[in-house]
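Could you put together the complete structure from these sequences and hints?
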Amino acid sequence: MTMSDEPEHHPHAHGHDAPETQDAGSQALAEALRSSFAIVKVVMVLLVLAFFSSGFFTVGPSEKAVILRFGRLMGQGQEALLGSGWHWSFPYPIDEVVKIPITEIQQVKSTTGWYFTTPEQELSGEELTAGPSLNPAVDGYALSADTNIVHVQVTLYYRIEDPLRAIFSFTSDTNFGYSLAGVSNAVQNVLDNALLYSAAHFYVDDILTRDKAGFQDAVRSHVDDLIEAENLGVTIDNCEVISVPPRQLQSVFAQVTTARENRNKALLDAHKYESQVLSEAGARAAAITNQAEIARNRYVTVLSADAKKFSDLLPQYQSNPDLFVQVQLAQTMAQTLTNVEKWVEPTSDNGKSTEVRLMLNREWPEQKTTAQSP
Amino acid sequence: MKRNLLTIIVGAVLVVIFALLLFVFQVRQSEVVVLTTFGKPGANPIAEPGAYFKWPWPIQQVNRFDKRIQNFEDKFSQSLTADQQNLLTCVYVGWRISDAGAFLRSFRGSVPAAQNQLEGMLRSAKNAVVSKHPLSDFVNADPRQLKFDAIQIEIEQTMQSQLSTNAYGMKLEFLGFKKIGLPENVTQTVFDRMKAERQVLISAAENDGKAQAQIIESAADRQAASTVANAEAEAIRIQAQGQAEAARTTLPIFQQNPELANFLLRLDALKQALNQKSTLIFDERTPPFDLFQHLPTNSPSQ
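Residue numbers (this note's numbering), protein chains in the order written: chain B, 8 to 381; chain G, 1131 to 1432.
Any given hint could be a false lead.
Listed below are the simulated PhoX-like cross-link pairs for lysine-lysine, each with C-alpha atoms no more than 20 Å apart in a straight line [unchecked claim]:
no., chain 1, residue 1, chain 2, residue 2
1, G, Lys1340, B, Lys279
2, B, Lys272, G, Lys1401
3, G, Lys1340, B, Lys315
4, G, Lys1184, G, Lys1205
5, B, Lys349, G, Lys1401
6, B, Lys316, G, Lys1401
7, G, Lys1184, G, Lys1170
8, B, Lys219, B, Lys116
Chain G regions said to be covered by chain B (calculated; three or more residues, Cβ under 8 Å) [claimed, not checked]:
no., region
9, 1158-1167
10, 1173-1183
11, 1196-1202
12, 1254-1265
13, 1285-1299
14, 1386-1398
One side of the interface only, derived from the structure: several residues of chain G facing chain B at Cβ under 7 Å [what the hints assert, rightly or not]:
no., residue
15, Leu1218
16, Val1330
17, Leu1331
18, Ile1332
19, Gly1339
20, Glu1364
21, Ile1368
22, Ala1376
23, Lys1401
24, Leu1410
25, Ile1411
I should point out that these hints are in silico values taken from the structure, not numbers from a laboratory. Yeah, the Cβ is synthetic: ideal placement off N, Cα and C, and Gly gets one too.
And the structure:
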């Protein structure tokens, strides 16, 4: 368009210099052409300005940008990355600006391992009643080490650590464009693979209940390994694993949990019984030995008191043994016979002892029946 | 004149721009270009980014390829394992164009055509490798017996060697399983087996709980009994010790006059015995009741 405008200029200029032999009509035409040419010139200047000012661009706070000059990356390594703010580049086709969103955390969910749900069901939380089997075309699952079917879903949060690698090493589509779709697709694949790999190592009970944390760690560390091996240039921020038994077997899995809880409760009860019995036995043992100590002390004390008494009485006894015995006996009789039921049996005429028959109450201690005084 | 010069400069610039558009092309950072002259590929593909010269169409043509890694995954397909189990597998690969010239020759530069080829190759590679392994190589709790990685590597190597023998100009960067599954009817038998396994676990847990509890409780009883028995033995020892001690200290004293000692001890015993409620039956002649006998009365007993 510009090319065609220029030659038009010359005949027009000549027309202006020519003697004023033209009529009013052609003069008006020349006037119109002149003014429209002025407009075209203004437009051209504006276009040129726009061309150069189009080189300005902004980079947002969560973005990086790189400039490709004739397709070649400007700058080496990290220097190639432009931070947030205003920047200028030559307009296309000399320079091409590629913006990369990097600082936000990317999220990817495993696509294998979970049974079929529609997005509406996921939102409402209600679940389709499960058929008797799983259709491999739509229902995902993982196989555990003991060849059990288990549903596992992993959500991975990661950051783009190497934006240059992300956009220059992974294709995002077939149109030569630059985006993070390629690398996130690769991360997705790695995640699915790590899920299957980890499940293949773990027993179903470990995945579901016994070692959930261990399983999650295994998934995470395998994702890490694969990211390293495939050089994806991302770092894991977080990794969350959900695992459930197949819906078809939910009740029987729940029964196992209940049975295990009951077992634990039985063990707990047994331990409670154990500690109770043992502490009781300990208390009883302490009581027995303490009692023995008391008895010993009493015995020793009493006996030494007896010895003391003996020593005190010995001189008196020695002075007149018979009298001493009589006096002591009489005193004792007087003391003891006051609170005793007495029964004096008369002697028979022929001097023989009489026979006495007694009905004894069981309550009574046996040795108290016929104690003859000495 | 000045005006004309400006016009000429502007015109020249425009001509130069037009010529550049016709004669120059860019190779971007992520691209590789094969120039074809009248449809014949040039000697070397251009992989280094920058601006390059070419003759305008129809003399030379730019064939542009993406040299970055492309993600591809094949269809979920069934293979037979070494132990005659049907296993469904799906793998993902990261592949890229390693030789743009060869790639152009093989697929006329069409990525979908190349992926079609990959699909077929993957299928046969998977079948070949899976048939060499039993199912226990795919899932196993014993890390030494699990060959998950080894199987992936085998498939990758099979693919790699086929790609290079056929000179497709493609290279695999990585390969791994994306999905593993069993045929639909097999899932049902797996469910049945799992159910049976669960039932075993349920009864095992119940019985184990009872047995363990019994063991703990009986052990506790035994320990308690032995604690008490030990205490009783200790008590006997303590008492014996006391007796021995008392005997040691008091016996020499009592030995000064055994008769008196004996009398006093018996007297104490009598006092203690009559402490509780008791009935004594005496003969009339026993003192002090013998006093009754000498009463000058006409007692009925006489």
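Each hint tested on the structure:
no.: 1; hint: G:Lys1340 x B:Lys279; result: holds (15 Å)
no.: 2; hint: B:Lys272 x G:Lys1401; result: violated (59 Å)
no.: 3; hint: G:Lys1340 x B:Lys315; result: violated (63 Å)
no.: 4; hint: G:Lys1184 x G:Lys1205; result: violated (42 Å)
no.: 5; hint: B:Lys349 x G:Lys1401; result: holds (15 Å)
no.: 6; hint: B:Lys316 x G:Lys1401; result: holds (16 Å)
no.: 7; hint: G:Lys1184 x G:Lys1170; result: holds (14 Å)
no.: 8; hint: B:Lys219 x B:Lys116; result: holds (18 Å)
no.: 9; hint: 1158-1167; result: holds (count 4)
no.: 10; hint: 1173-1183; result: holds (count 3)
no.: 11; hint: 1196-1202; result: holds (count 5)
no.: 12; hint: 1254-1265; result: violated (count 1)
no.: 13; hint: 1285-1299; result: violated (count 0)
no.: 14; hint: 1386-1398; result: holds (count 11)
no.: 15; hint: Leu1218; result: holds (5 Å)
no.: 16; hint: Val1330; result: violated (10 Å)
no.: 17; hint: Leu1331; result: holds (5 Å)
no.: 18; hint: Ile1332; result: holds (4 Å)
no.: 19; hint: Gly1339; result: holds (3 Å)
no.: 20; hint: Glu1364; result: holds (5 Å)
no.: 21; hint: Ile1368; result: holds (4 Å)
no.: 22; hint: Ala1376; result: holds (4 Å)
no.: 23; hint: Lys1401; result: holds (6 Å)
no.: 24; hint: Leu1410; result: holds (5 Å)
no.: 25; hint: Ile1411; result: holds (4 Å)
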